[in-house]
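Peer 1: Position 168 (the sequence shown) corresponds to 168 in my numbering; numbering is contiguous.
Please note that a few of the clues may not be correct.
Unchecked claim - Dumping the calculated DSS-like pairs for lysine-lysine here, alpha-carbon to alpha-carbon at most 25 Å:
(1) K210 x K57
(2) K57 x K137
(3) K210 x K137
By construction, these hints were calculated from the structure, which means they are not laboratory data.
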Amino acid sequence: MKAGSIVGGRYRLEALLASGGMGAVWRAEHTMSERRVALKLVRALGGLDEATVRRFKREATAPSAIGHPGIVEVLDAGVEPEEGLLFLAMELLEGESLRARLRRPETGRGEALRLVRALLDPLAAAHAGGWVHRDLKPENVFLAETPRSEAAGGGSGGDSGGDSGEGPGEVVKLLDFGLVRSVGGPSATLTGSAIGTPGYMAPEQAMSAKAVTARADVWAVGAL
């Protein structure tokens, strides 16, 4: 895909934001509403089989099911069968990843702990809803800038500093539910498969990610 391409008959690609082995994320514009979104494109190399579509549907539905302001908002999702392409439209965030923040020389241990503490609230909400993320890492934690009114305490989140663990003018957002697992739901993961990011995987996830629990995410937070 390239800038100017139309995805799903309604999203015009503007600029590539990130790319990796699982796909790419573009800044895109809805052709009717003109709202800008972050559009994740995933090409199903093995074809759009039932397991692939089921895993993608979990990624699309988990954030809404959790319903927490610290979880990235999913706005739309769809499939282009002829292209073998899955797409996910999300809120477009301004700011930087936790990885980028931690690379700054002025970011000390106190700042790092403050940010990780802020991550625990949306993660707890996910676990309470029966979801296990399975891919917690600094790239999947985003420090999003908030509008001035919210930063001043006028938003739904109230005080943006203090005990929340978040700094003024930013909110910690948990991203990328591509490997999410619904506890008790059907699984598309094969027994004995290790999926995730090696440096942040709990030992049991490295042996088999099929039935890991929230404890695996807690391990990842410790590694993070």
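Peer 1: Indicate, hint by hint, whether the structure satisfies it.
Peer 2: Outcome of the hint check:
1. K210 x K57: 17 Å, holds
2. K57 x K137: At roughly 22 Å apart (the allowed maximum being 25 Å), K137 and K57 satisfy the hint.
3. K210 x K137: 19 Å, holds
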